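Taking the hints into account, I'd like the entire structure generated from these sequences.
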Amino acid sequence: HFNHAGASLPSQATLDAIIAHLHREARDGPMEAGEHGALLLENARRAAAQLLNAPASSIAFASSGSAAWNMAFQALTPWQPGDRILVGRHEWGGNLASMQLAVQAGARVEVIPCDATGAVCPLALEAMIDASVKLIDLTWLPANGGLINPAQAIGEIAKKHGIPYFIDAGQAVGQMPVDAQALHCDVLKSAGRKHLRGPRGTALLYVRPAFLAQLNPAQRDV
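Note that the working numbering numbers the sequence shown so that position 148 is 292, with each residue one more than the last.
Rather than coming from a laboratory, the hints here were simulated on the basis of the structure. Take these hints with a grain of salt, some might be off.
What the hints assert, rightly or not - Taking lysine to aspartate or glutamate pairs in the EDC-like style, the calculated list, with each CA pair at most 16 Å apart, reads:
#1 303 with 270
#2 304 with 259
#3 278 with 259
Said to hold, decoys possible - DEER-style ranges, computed between Cβ atoms:
#4 357 with 194: 21 to 27 Å
#5 169 with 147: 15 to 21 Å
#6 225 with 173: 16 to 22 Å
Note that the structure is a prediction, hence the values are computed from the model and not measured. Glycine included, each C-beta is placed from N, C-alpha and C at the ideal position.
Right under this line is the structure:
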């Protein structure tokens, strides 16, 4: 199977967990099964935190990577005319679509130049930064071509200038080591159905604990 970039084959453990939960719902009822599922969810949260080298309290789950990214992006401070969002040339289309309201408010989406290898160039990024830059957004590994963007180097620049930094790690998590602390990212998201071999309709969202105070989500999950 060579389509892990779209969706991997689910593992036997994934199948067993889904089938067991469906049997529990049929036997005990969905609400009762949900109480047991909540315990499993916390176990999954701790496992995800260990995978990303992050505290469990910084991990949330969503129905897709795009939904997770959109929740974080829409919780940012309201956009103003002249605000700039810097993205890589390989930015995922779903992330760009979520920026529509920011663009309507007067923000500009600008592409960071690439180096000779085709990867996002950290030096070019630093030359673009001024007080109007409100977000740096990077798709770490595009879905095709094998390119790996320098996510950590970009994170160091974002941290140096105090600019929020979002990483789309949909193709990275489960395929290569991902250390949220070393990346210096404020938000990172990944789908569960790809290299993690989880079920469709699942995604991870990491938000750096100190960054939470800068977010004002339109909807809150209770």
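**Item:** List of violated hint numbers, smallest to largest
**Value:** The structure conflicts with hints 2, 3, 5, 6, although it agrees with all the remaining ones.
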